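Novice: Sequence:
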Amino acid sequence: MAPFLGLTTSPEAVEQAEKLLMQSLGVIESVWLKGDAKFLLGNPQPSIADLSLVCEIMQLEVCLFPAVAI
Numbered sequence: 001m002a003p004f005l006g007l008t009t010s011p012e013a014v015e016q017a018e019k020l021l022m023q024s025l026g027v028i029e030s031v032w033l034k035g036d037a038k039f040l041l042g043n044p045q046p047s048i049a050d051l052s053l054v055c056e057i058m059q060l061e062v063c064l065f066p067a068v069a070i
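Letter 46 of the sequence shown, counting from 1, is numbered 46 in my numbering, and no numbers are missing.
Keep in mind that a hint or two might mislead.
Cβ-Cβ distance ranges computed for the label pairs, FRET-style [said to hold, decoys possible]:
#1 Gly26 - Ser47: 16 to 24 Å
#2 Pro44 - Glu18: 14 to 22 Å
#3 Thr8 - Gln45: 38 to 46 Å
#4 Val62 - Glu12: 20 to 28 Å
#5 Asn43 - Pro11: 39 to 47 Å
#6 Leu25 - Leu5: 30 to 38 Å
#7 Gly6 - Ile28: 25 to 33 Å
#8 Val31 - Leu60: 33 to 41 Å
#9 Thr9 - Lys38: 29 to 37 Å
These aren't lab readings, by the way, just hints derived from the structure by calculation.
Since this is a predicted model, take the numbers as computed values, not measurements.
Note that CB positions come from ideal geometry on N, CA and C, so glycine has one too.
Using the sequences and the hints, build the whole thing.
Specialist: This is the structure we're talking about:
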């Protein structure tokens, strides 16, 4: 989010953050979504935890697009 706030970042910090993100997403897939589970708690319907996780991950999409002036 630093570029959107006008802050500079170091390439090392960006690389470290990306590595941590990929590790975290890997844990979600391998631990929480393992087997036939469709949602975090293994229920056939999403829980509040699932919806919260989706919101957090979707916020990362903001980082992929340049700021758009409205």
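Novice: Compare the structure with each hint and give your call.
Specialist: Each hint tested on the structure:
1. Remark: the range hint 16 to 24 Å for Gly26 to Ser47 is upheld by a beta-carbon distance near 21 Å.
2. A C-beta distance of roughly 33 Å is found between Pro44 and Glu18, which places it outside the suggested range of 14 to 22 Å.
3. Distance hint check for Thr8 and Gln45: the Cβ-Cβ separation is about 44 Å, which falls inside the suggested range of 38 to 46 Å.
4. A C-beta distance of roughly 22 Å is found between Val62 and Glu12, which places it inside the suggested range of 20 to 28 Å.
5. Checked against the hint of 39 to 47 Å, the C-beta distance between Asn43 and Pro11 comes to roughly 41 Å, which is consistent with it.
6. Taking 30 to 38 Å as the suggested C-beta distance range, the pair Leu25 and Leu5 does not conform, at roughly 24 Å.
7. Between Gly6 and Ile28 the beta carbons are some 31 Å apart, a value that agrees with the proposed interval 25 to 33 Å.
8. Taking the beta carbon of each, Val31 and Leu60 are about 19 Å apart, not inside 33 to 41 Å as hinted.
9. The supplied range of 29 to 37 Å is met by Thr9 and Lys38, whose beta-carbon atoms lie about 36 Å from each other.
Checked against the numbered hints above, the structure breaks hints 2, 6 and 8 and satisfies the rest.
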